[in-house]
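A.B. asks: Position in the sequence shown (from 1) plus 56 gives the number in our numbering.
One or more of the hints may lead you astray.
What the hints assert, rightly or not - Mimicking DSS-like on lysine-lysine, the simulated pairs with C-alpha atoms at most 30 Å apart in a straight line are:
(1) Lys450 x Lys392
(2) Lys279 x Lys104
(3) Lys529 x Lys506
(4) Lys506 x Lys485
(5) Lys529 x Lys450
(6) Lys279 x Lys127
(7) Lys485 x Lys498
(8) Lys450 x Lys134
(9) Lys485 x Lys529
(10) Lys529 x Lys498
(11) Lys207 x Lys392
Since the hints were made in silico from the structure, they are not lab data.
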Amino acid sequence: FVFIALAAKQIGQMFNRVKMPLISGFLVAGIVAGPFVLDLIPAQAIPKLLFIDEISLSFIAFAAGSELYMKELKGRLKSISWVTLGLVVSTLSLGTVAIYLLAGFIPFMKEMSPISQMAVSLLAATILVARSPSSAIAIINELRAKGPFTKTVMGVIIITDVVVIMLFGFSSSVADALLTNLNFSFGFIFLLLLELVLSLLLGYGLGRLMDLILAIRINAVVKSGLILATGYSVFLFSAAFRVYTHEHLPFEILIEPLLVCMIGSFVVTNFSSHRDELMSIFHLAAPPIYVAFFTLTGASLAIDILLQTWAIGLAIFLVRLLAIFVGAYSGGVLAKDPALYNRLSWMTYVTQAGVGLGLAKEVAFEFPDWGVPFATVMIAVIVLNQLIGPPLFKMAINRAGESHTRAQPTPFDGVRDAIIFGLRPDSVKLARQLERHNWQVKLICVNQSKIDGLITPDLQIEYIDEFSPETLKQLDASRADAMVSFLDDESSYQLCESFYEHFGIQTMAVLLRDRANYERFHQLGVLIVEPQTAALSLLEHFVRSPAGTSLLLGMDESQEVIDVEVNDPALHDTALRDLRLPLDVLVLAIHRGGHTLVARGYTTLHLGDRVTMVGPEEQLEEVSLRFEV
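Could you build the full structure based on these sequences and the hints that come with them?
C.D. replies: Here is the structure:
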C-alpha cells in the first residue's frame, strides 16, 4: 500500500498540472490499484487497512475544528449565521426528500422498508451539507481574494463543516434507531442528549491532552505522530465503548469520534497558546495523510455499483446545486446582504472534499450491510462537486470584485524604465547608477518640501500625494520595468500591491524597515533588502566567494551582469548553443515561471524568459539586441 500511495502522489501531481484537483488523482490511482482493475489492493486487504482510514478521519476532524477560530469570524457573524442556517435547512430537507423519492432506482435501497429508506436518505442529505475549507483556502490564496464577500464565504464554509459533523452525530443515532426499529420516546431523546454531552466532555478532555503534548519540547515529527495517535485512540475507544454498552446495558451508546476530535481541536485553537504550532503540525501531516486516505478510498469504491448508479449520483448532484442556491440566496436576503452577493454566493459552496468523504466512509464503518454501496454513490457526488466547484468559486470571487491577481505586464518597448519612490541620498545615488547603465529613471517624492530648492538637473523628479492607480498611470507606471521603494513599510506595501494588481510589474524591490512585514512582501514576489541583515549577508558572501560577489556587485569594471527578456518569437525553442554568443559572454541562469534554471548549451529559450548574462558592457548591449523583436 505504501508503494501504491507513493505512485498516487505522483499521479495527483499530474492531475494538478492540468488544473484538476489533487484528490481526484489520488482517487483514480486507488481505483486503478483496487480490486476492480489491477487488483494490487485486493478486496480482502481493504478491511485490514481500516486503521489508515481511522487515523485519516481523526486528522480531518482535527483540521475542521482548527478552522473555527472565533477571533477571525467576528464582524460578519450575522451574515455567516443566516447563510449557514439557510444552507443547512435547504440542503437537509431537499436532499432527504429527493433521495427518498429516488430510493426505488438505487439498487441497495430498493428492498428496504420505507423507514429504512428514510434513515439512509437522512444520512445522505447530512453528507450533502458538507463543504471543503481546504479547497476554499487554496482558491482564496491563489486569487489573493479579500473583502466582505470573501470573509462571509469563508466563515460559512468553516461553520458549516463544524455543524455537519455535529449533525452527523445526531443523524447517525436517529438512523440507527430507525434501522433497528427503536421507538422514539423521551428515553431515546435522553439517550441522544447523553451521547452529545459525553462527546463534548471527551472532546474537551482530548483538547487538554493535545495541549499537553504540544507543550512538550520534542521533535515536530514525533509530536505530529502523538497528535495523530490521540485521534486514532478516540476511534478505538468509541468502538470499544459501543460494544461494551451493547453487551452490558439495555441500550447502546454511540460516541461520535469525529465530533470528539473536532471539539478537541477547537479547544486548542481557541483556548490555548499552541494554536500556531498545531497548525504547523497539520501542515506537516496533511500531504501524506490525504494521499493515503484518498488512495484507499478509491480502492474501496464498488465500481460495479458506481456504474449502475452514476445517473443517480448526477441527479443528487443537481438537487444539491438547487438546495445550495435556495439556501444561500434566502440566507443572504435575511441577513440583508447586497443583491450581488446573494446572486453569486451559491457558486462558492459547491466544492466538497475531506469532511464529506470522511462522513461517507464513517457510514460504511457503522452500517456494514449497505454502507459500501452507499459510500460509493456519495463519493461519486462528491467527486462531481470537487470538479465543478472550484471553477464556480473562482468565477464568483472575480465577479464580486475581490480577486487581487497579478495584472498582465506591458510588453517591453526597448527602453529600460525604473521608478524609484522616496527622495533621499541613497535613492538619488541609485537613480544615477541606473542612468549610467542606460535606464530611464523617475524619482518620485511624496514630500513637496524636500523638492523645494533642490537642484538636480540630471534627474527627473516628480511629486505625488497619493498612490492610487490613476496617479500611478500618470507616471507611466505601465511602462516601468522595475519599481524601487525607500518609503515606510506600509506605503511600500500599498505601492507594491498597486503595481502587482494594475500593472503586473515583475521587478519590485523595497528597503524593509520591520522584519515582521517580510511575509507580506514575499507573497507579492517583492525583492526585499533588510538593512539589519543585508550587510552581514554581503560580508558572508565576500568571505565564501570574493570573486563572484565582486562580479555580481559590479565592482569589476570590465564585467557587468544584466537580465534580458526574450521578446523575439523567433527565439522560442532555440537552444543556447545555437545563439552563437561571443566567447566572453556567459549565460548564468534562465528565469521561467517563478523558477530558476541552470543554463546549459542544450537549454532552450521560451518567449518571456528572463536571461541573466555576464560579460563586458559593450558585448552585453550587442547581445541584448538579439532578444528584442
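A.B. asks: Next, verify each hint and record whether it holds.
C.D. replies: Results for each hint:
With a C-alpha separation of about 23 Å, the suggested pair Lys450 and Lys392 falls inside the 30 Å cut-off, and the hint holds. Between Lys279 and Lys104 the alpha-carbon distance is near 26 Å, which keeps this suggested pair within the 30 Å criterion. Of the pairs offered as hints, the one joining Lys529 and Lys506 holds, with about 23 Å between alpha carbons and a cut-off of 30 Å not exceeded. For the suggested pair Lys506 and Lys485, the alpha carbons sit about 16 Å apart, so the restraint of at most 30 Å is met.
For the given pair, Lys529 sits about 28 Å from Lys450 by alpha-carbon distance, which is consistent with the 30 Å threshold. Distance hint between Lys279 and Lys127 is fulfilled; the C-alpha atoms sit about 26 Å from each other, no more than 30 Å. A hinted pair counts as satisfied when its Cα atoms are at most 30 Å apart, and Lys485 with Lys498 qualifies at roughly 13 Å. Between the alpha carbons of Lys450 and Lys134 the distance comes to roughly 24 Å, so the proposed pair stays at or under 30 Å and holds.
Simply put, Lys485 and Lys529 have alpha-carbon atoms about 25 Å apart, close enough for the 30 Å limit, and the pair holds. For the given pair, Lys529 sits about 13 Å from Lys498 by alpha-carbon distance, which is consistent with the 30 Å threshold. Simply put, Lys207 and Lys392 have alpha-carbon atoms about 16 Å apart, close enough for the 30 Å limit, and the pair holds.
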